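A.B. asks: Protein chains in written order, with our numbering: chain R, 1 to 113; chain E, 1 to 111.
Hint data in this document are derived by calculation from the structure and do not stem from the laboratory.
Please read these numbers as outputs of a predicted model, since none were measured by experiment.
Certain hints may be false.
Unchecked claim - Computed beta-carbon distance windows for the label pairs:
id, chain 1, residue 1, chain 2, residue 2, range
1, R, Val74, E, His7, 36 to 44 Å
2, E, Asn53, R, Thr13, 43 to 51 Å
3, R, Thr13, E, Asn3, 27 to 35 Å
Said to hold, decoys possible - Computed list of lysine-lysine pairs in BS3-like fashion (alpha-carbon distance at most 30 Å, straight line):
id, chain 1, residue 1, chain 2, residue 2
4, E, Lys42, R, Lys11
5, R, Lys15, E, Lys42
6, E, Lys22, R, Lys11
7, R, Lys78, E, Lys42
We treat Cβ as the ideally placed atom computed from N, Cα and C, and that holds for glycine.
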Amino acid sequence: GAGVSQTPSNKVTEKGKYVELRCDPISGHTALYWYRQSLGQGPEFLIYFQGTGAADDSGLPNDRFFAVRPEGSVSTLKIQRTERGDSAVYLCASSVGGNTEAFFGQGTRLTVV
Amino acid sequence: GENVEQHPSTLSVQEGDSAVIKCTYSDSASNYFPWYKQELGKRPQLIIDIRSNVGEKKDQRIAVTLNKTAKHFSLHITETQPEDSAVYFCAALGFGDKLIFGTGTRLQVFP
Chain R
1 GAGVSQTPSN KVTEKGKYVE LRCDPISGHT ALYWYRQSLG QGPEFLIYFQ
51 GTGAADDSGL PNDRFFAVRP EGSVSTLKIQ RTERGDSAVY LCASSVGGNT
101 EAFFGQGTRL TVV
Chain E
1 GENVEQHPST LSVQEGDSAV IKCTYSDSAS NYFPWYKQEL GKRPQLIIDI
51 RSNVGEKKDQ RIAVTLNKTA KHFSLHITET QPEDSAVYFC AALGFGDKLI
101 FGTGTRLQVF P
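Just chain E, same shape as in the assembly (with noise of 0.2 Å):
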């Protein structure tokens, strides 16, 4: 069945440092790639998300990117900050509009 794998599953940086996380999905039908932040004993929320028409996208210190031809999408965050700690979850739309997530990275950043 589909299937969405993440990695790594923690992740430290220091404050200021870049952290990447990276996913791959089975679905070649896929078209839609949302990410998530959760923040412990919250709901998850959207961070940014992107569609397959295009390769990459920026919103401030967090943009993505999609490679359709490899299945796999990846979250970068620059200068990050210590209020970046949280879970990230990526997820991908497939066939029949199942949105189904990855595992979770866990990020910690370290002033």
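Isolated chain R, as found in the complex (with noise of 0.2 Å):
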């Protein structure tokens, strides 16, 4: 496609549900990112995966969240018995590795209410 793609763009979920979020990077990226921003905060750190391998998972807040990425190309986030503290843009972006520039998806916002 032509920029990073993330679906849904709006999830509004109940507390304790489980929920997947979607991401479709750029062709041929083999970085991708996944962050959370809150409102007026900066994008949060939660995972790095280059190809299928999760690189990075130092920022994965607890074992409520998990990603996949199981053939280099779409990841999915999986939040598992969501808290309303989970509630947030959840961003994700790829690239071509390296020092190169991270192209962003326009974001899912969870609301858990």
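Both chains come to you apart, so use the hints to assemble them.
C.D. replies: Listed below in structure tokens is the structure:
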């Protein structure tokens, strides 16, 4: 595709439910990042993939959060037993790797009620 | 862990004046420093970046300087215009290609 695509754009879920957020990176981009952005804050690093493997998952806040990228392209961020504090915009970015520009998707706004 | 600090958090300038935003980073292995602009409700977009082998880079009204010894870098916007109003984020790419962002600067340019 022309850019990084994230679906859904908005997700409202009840506390305790499970959600999946999807990211389609730019074709050929081997590096993929997930960030969480709360209102008025900078993107908070969650996890970084290089190809299919998670090169760094040190930003995942706890074991309710998990992400996969099984074929080195599309990635899914999974959140179990959602809490109200998980409400934020979840951003995905991709790049060709190394010290090159990371392109962002439009984000998924998650609201836990 | 890795950290990027950004100042100021808000900045108001008159149209035509210059704006400067400063960042410091903690990971001495960092070698790439992009700056992103984020308008309300939109995705962050790259406006300029600098790699560790240069000390300064300029693109029209925007320039970035890097001091690796002090581990800080700055964004300079000259001749500001109302459309420059947005939130600006600095970032640093460190060990293992981990891209860490600052907390952002909300720039307001008054006509």
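A.B. asks: None of the hints should be skipped; say for each whether it holds.
C.D. replies: Hints, verified against the model:
Between Val74 (chain R) and His7 (chain E) the Cβ separation comes to about 38 Å, which falls inside the hinted range of 36 to 44 Å. Separation of Asn53 (chain E) from Thr13 (chain R) is about 46 Å and conforms to the stated range, judged on CB atoms against 43 to 51 Å. A beta carbon spacing of about 32 Å between Thr13 (chain R) and Asn3 (chain E) agrees with the range 27 to 35 Å that was offered as a hint. Proximity of Lys42 (chain E) to Lys11 (chain R) is assessed by CA-CA distance (about 17 Å); at most 30 Å being required, the pair is judged to hold.
For the suggested pair Lys15 (chain R) and Lys42 (chain E), the alpha carbons sit about 27 Å apart, so the restraint of at most 30 Å is met. Annotation: proposed proximity of Lys22 (chain E) to Lys11 (chain R) is violated, straight-line Cα distance about 35 Å (limit 30 Å). Between Lys78 (chain R) and Lys42 (chain E), the direct Cα distance comes to roughly 23 Å. Compliance with the 30 Å bound is thereby established for this hinted pair.
Checked against the numbered hints above, the structure violates only hint 6.
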